[in-house]
Amino acid sequence: EEQLVESGGGLVQPGGSLRLSCSASGFTFSAFWMTWVRQAPGQGLEWVANINQDGSETHYLDSVKGRLTISRDNGRNSLYLQINSLRAEDTAVYFCARLGVIVVAPTGLDQWGQGTLVTVSS
Amino acid sequence: DIQMTQSPSTLSASVGDRVTFTCRASQSISRWVAWYQQRPGKAPELLIYKASSLQRGVPSRFSGRGSGTEFTLTISSLQPEDFATYYCQYYNTYSQTFGQGTKVELK
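So the protein sequences, as listed, match chains A and B.
Per the numbering used here, the first sequence starts with residue 1, numbered consecutively.
Per the numbering used here, the second sequence starts with residue 1, numbered consecutively.
Just so you know, the hints here were simulated from the structure itself, not pulled from any lab data.
Treat the numbers as computed from the prediction; the structure is a model and nothing was measured.
Some clues are possibly wrong.
Unchecked claim - For each label pair, taking beta carbons as the anchor points, the in silico distance ranges come out as:
| id | chain 1 | residue 1 | chain 2 | residue 2 | range |
| --- | --- | --- | --- | --- | --- |
| 1 | A | P14 | B | K107 | 39 to 47 Å |
| 2 | A | Q82 | B | Q27 | 26 to 34 Å |
| 3 | B | S28 | A | E1 | 35 to 43 Å |
| 4 | B | V58 | A | D62 | 30 to 38 Å |
| 5 | A | P14 | B | T74 | 38 to 46 Å |
| 6 | B | E81 | A | Q114 | 16 to 24 Å |
| 7 | B | T22 | A | G16 | 20 to 28 Å |
| 8 | B | S77 | A | S122 | 43 to 51 Å |
Where a beta carbon is used, it is the ideal one built from N, C-alpha and C, also for glycine.
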């Protein structure tokens with residue numbers, strides 16, 4: 001069974017840092033682009049970052065550039081999101097997701113984790 | 001940056017109704033649109049990709065159309081499990097943008 005499981009969320013003070021993890025199983029993790037998406041309480045979905053199959057290419061939402069870093073370890077089938085200088089507006093459920101592909105064309109985010117909640121508060 | 005605007009923000013409907021949601025892109029994006037369903041407290045689920053391709057396992061009552069800047073998602077006969085929030089998304093490998101969502105509620 002294909003599965004993504006996030007961890008690492010919690011309550012953090014403003015200005016602090018956090019590293020989120022996403023463990024993949026049931027599919028060839030190294031073959032896919034991966035994505036982080038977040039959702040503030042009661043709000044819509046917001047794309048945060050993408051990373052390519054070998055980690056050599058990353059892309060970020062403009063408003064988080066410089067504070068968030070996406071990375072991966074294909075040997076551990078794991079995706080990461082480092083969040084620095086946390087702000088109240090970073091409070092959200094963070095989902096990792098797989099960018100599906102058919103032949104060479106992307107198909108949208110076809111596999112999602114259950115999400116991990118990050119709360120930024122003093 | 002490409003913006004995705006969904007309408008309506010809320011839709012009241014009954015079981016068995018045919019419902020259609022609209023998503024407009026701020027510039028032409030070919031057919032790089034996906035649609036997702038999200039139930040409360042759950043992760044989103046992919047319904048449609050490349051504007052009109054049905055994700056495997058998704059019921060055939062869901063269909064998507066469009067290209068360029070205007071896209072639609074139609075549910076041909078609303079079922080009780082379809083009361084949820086629906087998001088459109090512009091996607092590619094380097095950037096993604098979600099619409100603000102359309103919530104389908106019971107009339």
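| request: List, from low to high, the hint numbers that the structure doesn't satisfy. | output: Number 7 - this is the single hint that the structure violates.
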